[in-house]
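Line order of the protein sequences matches chains A and B. Using the numbering used here, you'd call the opening residue of the first sequence number 1 and step up by one each time. Using the numbering used here, you'd call the opening residue of the second sequence number 1 and step up by one each time.
Read the hints as simulated data drawn from the structure, not as lab findings. The model shown is predicted, which means the values in this text are computed figures rather than measured ones. Wrong hints could be hidden among the right ones.
A partial selection of chain B residues facing chain A, derived with a Cβ cut-off under 7 angstroms [said to hold, decoys possible]: (1) D9; (2) G15; (3) E18; (4) L105; (5) A109.
We treat Cβ as the ideally placed atom computed from N, Cα and C, and that holds for glycine.
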Amino acid sequence: MRVPESFAVSTWLKWVDAFHLSFTGNSLRGRLLRLLLSSSGLFLLIVSLLAYVNSHHEADELFDAQLAESARVLLDQASTGISERPSVVSDSDHPTLEYERKIAFQIRDREGNLLLRSATTPERSLSEHSEGFSNSLIEGKKWRVFSHWNRDHTLQIQVGQLHEIRNELAGKIALSLLVPFLLAIPLVAPLIWFSIERGLKPVNWVSDEVKQRAVENLKPIVITDVPEEVRPLIDSINTLLSRLEYSFENERRFTADAAHELRTPLAALKTQAQVALRASETGQRKKALEQVISGVDRATHLVQQLLTLARLDPQFARVENSKFVLHQVIVRVLSDLATEALAKKIELTFEEDCGALVKGDAEMVGILASNLVRNAIRYTPEHGKVEVRIGEDDDAVWLHVIDNGPGIDPEERSHVFERFYRTLGNRVSGSGLGLSIVKRIADLHHARVELDSGENGGGLWVRVRFPKR
Amino acid sequence: MRILLVEDDEALGDGVREGLVQERFTVDWVKDGKEALSALEAEDYGLMILDLGLPRLSGIDLLKLIRSRGMGLPVIILTARDTVADRILGLDCGADDYVIKPFDLDELAARIRALTRRKMGRAEPLLVHENITLDPAAHKVTLDGEEVALSPREFAVLRELLENSGIVLSRDRLEQSLYGWNEEVESNALEVHIHHLRRKLGAKLIKTIRGVGYVIQKD
Numbered sequence: 001m002r003v004p005e006s007f008a009v010s011t012w013l014k015w016v017d018a019f020h021l022s023f024t025g026n027s028l029r030g031r032l033l034r035l036l037l038s039s040s041g042l043f044l045l046i047v048s049l050l051a052y053v054n055s056h057h058e059a060d061e062l063f064d065a066q067l068a069e070s071a072r073v074l075l076d077q078a079s080t081g082i083s084e085r086p087s088v089v090s091d092s093d094h095p096t097l098e099y100e101r102k103i104a105f106q107i108r109d110r111e112g113n114l115l116l117r118s119a120t121t122p123e124r125s126l127s128e129h130s131e132g133f134s135n136s137l138i139e140g141k142k143w144r145v146f147s148h149w150n151r152d153h154t155l156q157i158q159v160g161q162l163h164e165i166r167n168e169l170a171g172k173i174a175l176s177l178l179v180p181f182l183l184a185i186p187l188v189a190p191l192i193w194f195s196i197e198r199g200l201k202p203v204n205w206v207s208d209e210v211k212q213r214a215v216e217n218l219k220p221i222v223i224t225d226v227p228e229e230v231r232p233l234i235d236s237i238n239t240l241l242s243r244l245e246y247s248f249e250n251e252r253r254f255t256a257d258a259a260h261e262l263r264t265p266l267a268a269l270k271t272q273a274q275v276a277l278r279a280s281e282t283g284q285r286k287k288a289l290e291q292v293i294s295g296v297d298r299a300t301h302l303v304q305q306l307l308t309l310a311r312l313d314p315q316f317a318r319v320e321n322s323k324f325v326l327h328q329v330i331v332r333v334l335s336d337l338a339t340e341a342l343a344k345k346i347e348l349t350f351e352e353d354c355g356a357l358v359k360g361d362a363e364m365v366g367i368l369a370s371n372l373v374r375n376a377i378r379y380t381p382e383h384g385k386v387e388v389r390i391g392e393d394d395d396a397v398w399l400h401v402i403d404n405g406p407g408i409d410p411e412e413r414s415h416v417f418e419r420f421y422r423t424l425g426n427r428v429s430g431s432g433l434g435l436s437i438v439k440r441i442a443d444l445h446h447a448r449v450e451l452d453s454g455e456n457g458g459g460l461w462v463r464v465r466f467p468k469r
Numbered sequence: 001m002r003i004l005l006v007e008d009d010e011a012l013g014d015g016v017r018e019g020l021v022q023e024r025f026t027v028d029w030v031k032d033g034k035e036a037l038s039a040l041e042a043e044d045y046g047l048m049i050l051d052l053g054l055p056r057l058s059g060i061d062l063l064k065l066i067r068s069r070g071m072g073l074p075v076i077i078l079t080a081r082d083t084v085a086d087r088i089l090g091l092d093c094g095a096d097d098y099v100i101k102p103f104d105l106d107e108l109a110a111r112i113r114a115l116t117r118r119k120m121g122r123a124e125p126l127l128v129h130e131n132i133t134l135d136p137a138a139h140k141v142t143l144d145g146e147e148v149a150l151s152p153r154e155f156a157v158l159r160e161l162l163e164n165s166g167i168v169l170s171r172d173r174l175e176q177s178l179y180g181w182n183e184e185v186e187s188n189a190l191e192v193h194i195h196h197l198r199r200k201l202g203a204k205l206i207k208t209i210r211g212v213g214y215v216i217q218k219d
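In isolation and in its complexed conformation, chain A is listed as follows:
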C-alpha cells in the first residue's frame, strides 16, 4: 500500500505548505486568516480579562460576606465564655477544603487587649479601622479585614483573610473559562482556513479562467454565479478586454491596410524596373527608370504618412498639456510648403494675424494644417488659388483652408476621412492617408472638421474648429 500512503503524505505536505504560505504570502487567503486569527485571539484575551475581573469581583463579595458572617458568629460565641488571659485557637491541622483555613481572627476588649486569636494570626492589630471592611498590609502581605464590635461595645473582633487567596480563586475561575477557548484555537484555525478556501473559490474560478486563456483570446469572461464582490472585478476585466480587442483589431486592420496599400507602389516599382531591364531603346529605359525613382518617392511618402498616423496613437498624445499660438504654427507650415505652391504657380495666401490660442499639441496641429494645405496645393491646377484663414469666435478657434481645385462631391465627403480612400478619377498620386491623419489629430483635440464647396460653388473649403471649452 505504498502508493496511497505516499499520496496521503504528499497531500498532507501540500496542505501544510498552503497553510504555511497563508501566513507568509501576500494572499487574500493569508490576509483573511491572519485577520480572523488575530481578532479571535484578541477576543479571547478580552473575554478572559473580563472573566478575571468579574470573578474577582464576585469572589470579593462572596469572601466579604463570609468574613462578616464569621465575625458575627465568632463574636456571639466569644461574648458568652471568654477568659481574661489571651488564648490561641489552633487551626485544624488537616483542612478538608482548600480555602477553609485561610481565615484569621483576633478578639479584643474595650482597652484593646488581645483576648483570643487564631493560630496563624499575627499579634498586632489586623486593622486600624474599628468597624467595617478595610485593607491592610501586615508583614508584607495584603489582608482583607472585617472589624466589628458586639452590641454593648465590650468586645471587638477583627476577621482577616489574605488577598492572594481571592486573586488565586479569580485567576482559577478565569483560567477555567479560558482553557476551552485555548484548546479550541488549534482546532478552529484549520477550520477558518478551510472556510476561507471554500469562500474564496469564486475568486479562484476567475483567476483560473484568466490564467488558462490563450493570449489572443480577448472574448469576455463568462462566469455565472459570481459573488457580488467579484462581479465588479469581472466587469472591469471584461471592459478592459473589449477595449483591448477593439484596439488590437484596429491595429490589425491598419497593418493589413498599410501592407495592402504598399503592394501597388511595390508592384509598379518591380514592373518598371523589369521594363527598364528589358528595354532595348535608351529612351524607353530612361523613362522606366524615372518611373522607378518617382515610385520610390511615392512609397517613401506613404511610409512617412503611415509613421505619422502610427505616432498619433492617443497614448503618445500630449494634447492636454499646453496652449500655443495657432498663427505661428500656420506661418511655419506655409513657409515649408511655399516652394511646392510656387512650382505650380499657385497663389498661396494667409489672412492677417490672430493671437488665438489653441489647447493641444503644436506639432500635431502643424501636421494637420500641413496635410490640408498640401492637399489643396496638390489638387488645385496650375495658376490656382489656395487660401488659409484663422480666427476665433465665442467658443472655438478656427482654421479654414480654401482652394479652387476640383472639390469633393457631397456624397463622397463622408468617405474621404477613411484610410486609403481616394476620390474618383483623380490623377494625383497620394497616400490616401492625408485626411485620415487630419481627422485623427482633430479627434485628439476634440476638434470638428467640415468639408464644403468653395465660395462660388467650386473648389474645396475645409473648416476645422478647435473648441475653447
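Starting from the known structure of chain A, fit chain B onto it as the hints suggest.
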C-alpha cells in the same frame, strides 16, 4: 493579341503596358471600370488584366457583368487583395487566373500565354506548323531548326495566324490585334508584314482568301 489592361494606378499601369508591349502584345489601358466596359463593348480583346479596386465600377462587378453578358475572354485578376477568400471570390466570379501584387512581369506574360493556349485548346507551348516553330515565350521563330529574325509586328501577325490556324482572319481582326488605341495604323502595313513573312518563311505558308482575309491551314 490585343489585351485590355484595367488598372487605376498610373505608375503600375504604365509599367505593365510597357512590359507587355515588350512581350509583343498589343495593349489598351483604361483606368476605371466603366471605361473598361465601353472598351470591351467596342473592341475585340484576346484577354483582360483586371485590377479589383477600381473607381466607378469595381473589378468584381465588372467581371460579373461581362460574364452575365456572355463575354468569354480570359481574365487575369491583378490585385493587392491576397486572402484566400478574395481569391476564391475572384475566381468564382469568372476570373481565369489571379495574380497578387507585387508580381513578376515574366510570370504575368507566362500566365497570359498559358491562358491563350488553353483558350485555343492547346497544351503544347510551342506553335508548330510543318517545318516552322514559334516560341511565344522566347519570341523566336525557326524554319527547319534555323532561327529566323522577325520584327515584333511580323512576329505578332504570325502568332495570331498560327494560334488560329485553320480559321480565316479578316484584315480588320488582324489589324485590331496589332494596333492599340493610340497607334496609327498605316494603310497596307498589314500587306507589308504578310509579304515579309512569306519572303522569310516561304510563299505557301500564309494563304490569302480574297475579300475575306488570311489563313494558315492546319497540318
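Status of the hints after comparison with the structure:
1. D9: With a minimum Cβ separation of about 5 angstroms from chain A (threshold 7 angstroms), the hint on B:D9 holds.
2. G15: Nearest chain A Cβ about 3 angstroms off; hint holds.
3. E18: Hint holds; B:E18 Cβ to chain A Cβ min 4 angstroms, cut 7 angstroms.
4. L105: 4 angstroms, holds
5. A109: 10 angstroms, violated
In summary, the structure is inconsistent with hint 5 from the numbered list given earlier, while agreeing with all the others.
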